Amino acid sequence: MSSRDMEMMAHLMRRAGFGATRPELEEHVARGYEATVEKLLNPGDPHNLPDDVLRRYHVDMGESRFLDTAGAYWIYRMVTTENPLEEKIALFWHGLFATGYAKLNQARSLLNQIEMFRRVGLGSFRDLLVELSKDPAMLVWLDNNDNHNGAINENYGRELLELFSMGIGNYTEQDIKEASRAFTGWTLGNAEYMVTRSMKDSIWPYGRISWHFDFREWDHDDGEKTFLGETGAWDGDDIVEIICKQSSAAEFVCRRIFQFFAADEIDGEGEEVVADMMRSYFESDYEIRSVLRTLFNSDYFRSERSMYKRVKAPVEVVVGAVRIAGSYREPTLEAPQLASQALFMGQGLLMPPTVEGWHEGDEWIDSGALVERVNFAAQELRNVELPGVQDIIYRLAHMNGGTLTPAELVNGCLDLMGPIRVSDETREALTGYVARSGDVPLRDDDSAEESANRVGEVLGLITATREYQLA
Amino acid sequence: MTSNGHNRSLVVIQLSGGNDYLNTLVPYNEGLYYDYRPAVSIEPEQVLKLDDQYGFRPGMEPVKRLWDEGKVAIVNGIGYPNPNRSHFRSMDIWHTALPEDIGNEGWLGRAIRELDPKGDNVLTGVNFGRGLPRALGCRGVPVASVGNLETYGLFPDMEDESLRKFALETFAKMYGGARGGDAVMDFLGQTGTDALKGADILRTAPAVYSSGVEYAADPMGQSLKSVAQVLFADLGTRIFYTQHGSFDTHSGELKTHAQLWDEVAGGIGDFMDDLKEHGREDDVAILVFSEFGRRIKDNGSGTDHGSGGIAFVIGGSVDGGMYGEYPSMKEEDQLDGDLHFNNDFRSTYSTILEDWMGLEAAPIVNGRFESFDLIKN
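Chains as they are written, first to last, in the working numbering: chain W, 1 to 471; chain Y, 1001 to 1377.
No wet-lab data here; the hints were simulated from the structure.
All of these numbers come straight from a predicted model, not from anything done at the bench.
Nothing false has been slipped in among the hints.
A few chain W positions that, by computed beta-carbon distances, are all more than 12 Å from chain Y:
{"no.": "1", "residue": "Arg31"}
{"no.": "2", "residue": "Asp222"}
{"no.": "3", "residue": "Gly223"}
Rough simulated footprint, nothing fancy, chain W against chain Y, three-plus residues with beta-carbon under 8 Å:
{"no.": "4", "segment": "1081-1093"}
{"no.": "5", "segment": "1166-1179"}
{"no.": "6", "segment": "1194-1200"}
Every residue, glycine too, gets a C-beta built ideally from N, C-alpha and C.
With the hints as constraints, model all of the structure from the sequences given.
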């Protein structure tokens, strides 16, 4: 098992998931890189905490009357899933098809949308866009409930083309109108009543009422439409079909996937990878799984051109720290604070600022957000009571006879936290911190506890590094 | 700049959850009020009367005192067209000054960008609370968000002060290295260094603060004490933000609302006393707002979400009095059972931005709105 294999697997797991502990990485490395990619792409049972157990601790998780319960529920899934890519791809689509609580006041339907992303998020882009167009949260978020035969509302039609599938410049204003006509009558059951209730933010007298898709044939414009040069009596499914076969759609979705999974910026060689991903898109009948396989297995992804070339999103910081530290494995009443922590860092789950989603990359970072990121992750990793931290200490105690020099301790911690590669300056600063109190005897009965705390301090400081802010 | 050489600053107090207008400024001479509010009203004899029609709810004595001194402007019937009764959406609208579209920039974030275009001072805007309210959010505009001034900064949970000091030094080394390599690493280095600097400066504020005013221990009192500490430390902060709540009084309103206003009014009274003690009364304006008012009819125990609300502008330079109209409660004047707004909240914003902060309001509030003449010149 080479250290390079370990480093590459840690990179893959940070991108396809939320980072992995050393025992998990050892298992993946033993399986092999490409076999692990396949396992990620073909999720089995996530072995999550079962919903009925969660509800005993969080009664509102049944109905999800409140946004913070819904956010906590999703964070639990991310923390405890054995299918990290299933959650990661849901997070990707949530950022791209950004639907927000503010207008809906319906956390349950947002969670249903996320569940839909888990279900079809790795499948065909066509199926995904059809489901998205029927998704009740999306229907209300972009006003398709107000899109009527003879009186179109273009909001969904426009954003479908501009923000969700092709990008500006690849269609005309007339195409937007024609697409919108095709989606008339796509609404939710009892739409007028449901929308009024959400406008009034009312849970009285029946609580939140779940939403479902409804097709109103009498309100559907079944006339002839010309969309992107093709003429027919198109409905929404046809529009999606025509979108998916456009090169611009392939390019749009592959670029966004590249930026989310491989690197914030696309350089020249990155463009070549995007071209390969687009080929996979067409060869596989628009399957996202195939696109990701091409990306993860590319030389580009498995190189320095991709490693550390993304700024971690707040949710990645929170879930990553928690997964490594091994905290929040059981339901606890403190869990909603994990969702709040991500919000303090600038990413409120289920409440993206606008339909354009979050501004990612280095725009995640400002001084307030950085302080929140560091303080949260450092506090988790400094807690030597947590099982993940204890595992790291145990492993360190079995290196070099149990007494580590400051440099050995820093190198060991950087290895077990990732491996994470850091600059010489960072390494020196960390070593200087440890050197202040000399060597670290981890198996000396008299000082083991103090030494363990010193390990915790180093782990905390590692989360405070610039390098740790990158995925 | 004010006469004593200080820059004018603004303190915004957000009443989160929807403050009940009718039970804040009580129309105690209006029979309809008592008809519609059989369970959730305030008796005439309890009201702190401002005139023969209206009076503050009990608990607002400190605000009443400031009113008597002519330092309280009441903005009646404040709102926006097509009111939204969702907390989140309505608060968004107030924060972004955009009732029709979903906006990206906060009005105060824009104001900070105008006040300090190059971001020279990381403390031009300071929020007291965790996470940045959207009102202060604006790309590239640094704003400090302070949970607790005493422990603000990195590693607040490290109890051993000498260890924490050493950890901070380590952080400074890790972020202060040479620039000119990778752009993202440089940016992180600069941001981390700024964060440390901001925290170092802010931490000095409580140390240099002394005052005869004793603030209450509740979060409102403590937040306003922190505002005073930062203000008196003269760190160049122009916009302060804090919030209190929850005012979402669907049930048990009489008790909850009384306590909330006790805290808010007490905090404001103490803060104004503190300003006076430090000779800074004329340098500060306080804006108090909420995302909406509440339903005219009570629900037996509380009130549901409504529209048409009340805001306050308070300060030594404020021309006290009533602005806007108190909305009629007659059935034909109501809006779906709510009070009808009669002035756009962006008028109040514009007044503050132009007449108080000396900024051009239109680009910040997304349009031109008539100002109120509520700042003394």
